[in-house]
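Q: Sequence:
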Amino acid sequence: MSQATRLTRNLNLRAVAGDAHQLFDKIPQRDLSTLNALLSTHVRRGDVERAWSLFVELHRSRSDFDAYTLTPLLKACSALCDHQRGRQVHCFVVKTGSESEVVTKTALVDMYSKCGQLGDSAMAFEEMGIKDVVAWNTMISCYVRHGLSERALGVFAAMQWRRVEFSEVTLSSVLKACGAVKGVWLGRQVHALVVVMGRDLLVLGTNLVGFYSDCALMGEARKVFDCLHCGKDDAIYNALVSGYVHNKMYEEAFYVLGGMKQPNVVSLTSGLVACAACSDLSKGKEIHGLAIRFGFDLDTQLRNALLNMYAKCGSTSTARSLFDEMPQKNVVSGLEGQECFVAMKEKHGLDPSEEHYACLIDLLGRAGRMEQVWNVFDSASEAGVVQNGGVLAALLNACRVNMDIQSGERVVGKLLFKSKMENPGNWVAISNFYASIGRWDQVKDLRSLMYEKGLQKVAGSSWLTLE
DNA sequence: GTAGGGTTAG
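Residue numbers (full-length UniProt numbering): 1 to 467.
Keep in mind that the hints are not guaranteed to be accurate.
Claimed, not checked - Ranges of calculated distance between the beta carbons of each label pair, as one might list FRET restraints:
hint, residue 1, residue 2, range
1, 157, 432, 48 to 58 Å
2, 133, 401, 54 to 64 Å
3, 285, 324, 40 to 50 Å
4, 81, 292, 29 to 39 Å
5, 234, 198, 20 to 30 Å
6, 198, 219, 41 to 51 Å
7, 66, 407, 23 to 33 Å
8, 425, 163, 16 to 26 Å
9, 251, 66, 53 to 63 Å
10, 314, 444, 21 to 31 Å
11, 378, 432, 16 to 26 Å
Rather than coming from a laboratory, the hints here were simulated on the basis of the structure.
Each residue gets a CB set at the ideal place from its N, CA and C atoms; glycine is no exception.
Starting from the given sequences, assemble the full structure and let the hints guide the process.
A: This is the structure in structure tokens:
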């Protein structure tokens, strides 16, 4: 066999292997339960877009879906935060008579809430003929997720009224709600129920630590932690550390952190918050070192906490260099911001405010995408939100960092002419613009004008420890 | 096939 033939064969084989999934999709009358299994596998693996396209593909040739097709699909819509697709699946649920399935109806309740449509969620729950414990738990956690803890507790009360036996999951959500409303009395009763139940103690113990921390009862939180005889994992340590930090008990937080066998990114992030709050630069540096050693220093949340810590501890040059190291990631975050913005408009039907447009312009400007900046500015003007100067100030900053001086000067004109100049931020944007092109005379004039108008930029502050 | 625990800033 010639080398060329072998190569061609290999390539063909590879193409066949790669296309196996697509070929599989194209068999329209394949056994539904096999297709359902494939779909739920995609969802379980987090391949939610893939699950959706499989469904779309199937829909071209058949419509005999059942509850086992639609339930995982609803979970995919939840993960995508897409209530429009969710609503389409809801139609299929009705069409195929899957509404009578408690599991599917529960998935609907969950989907609407996770896609921000709490009203539809509650409606679907009310419509349920038979509600099992999972359905009740889902409704409780929906309210907790939306910050409506009293309502969540109301559902818990209704559940008890109807003598539905609760589970560990019920208590987990209820403790969260108790913490949010600082319901010490009820939370303590739930604590007793947890003890009586004696199951799932690590998760519920973590919830209890969280609940007592929310109620500023750190002694109780510590007691729960110490009395737990099962092996402790990262989450419960993190809950205790974060509890101490939120209650401003920084020394205790550091002590617990130091007792951990191996640090994790969450506990180190909390630790940095503590360092920032008590201006402990040396401890902050120590944690920074640990973060580097364990490879957490690229984590976005930890990095933000790190930046904040250096800034609050007065080490602005380090903060600055950390910030300067980030342009690549900022460009990426620009892109993420844009996706968010589009999703906000298209998926959730929300009208972006001036701040939202300003934020997007800022992100795009930093990424050097001036063409898009101007497009966004045009749509902001069309939407009629260019009012208080936020958008124009962001536009001016974008011109400044991209050295587009001519456009910048036009924007200054617009800003002075059209905006309410009570906002010091607008003056600062103009002043920064002139400073960047060396027009110190203008800067001086602006500053004195601001002074005359009694305007002052809200100064950034730091709390320094003097050594 | 559905539900529950830990993290930053503003």
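Q: If any of the earlier hints don't hold here, list their numbers in rising order.
A: Of the numbered hints, 3, 6, 7 and 8 do not hold.
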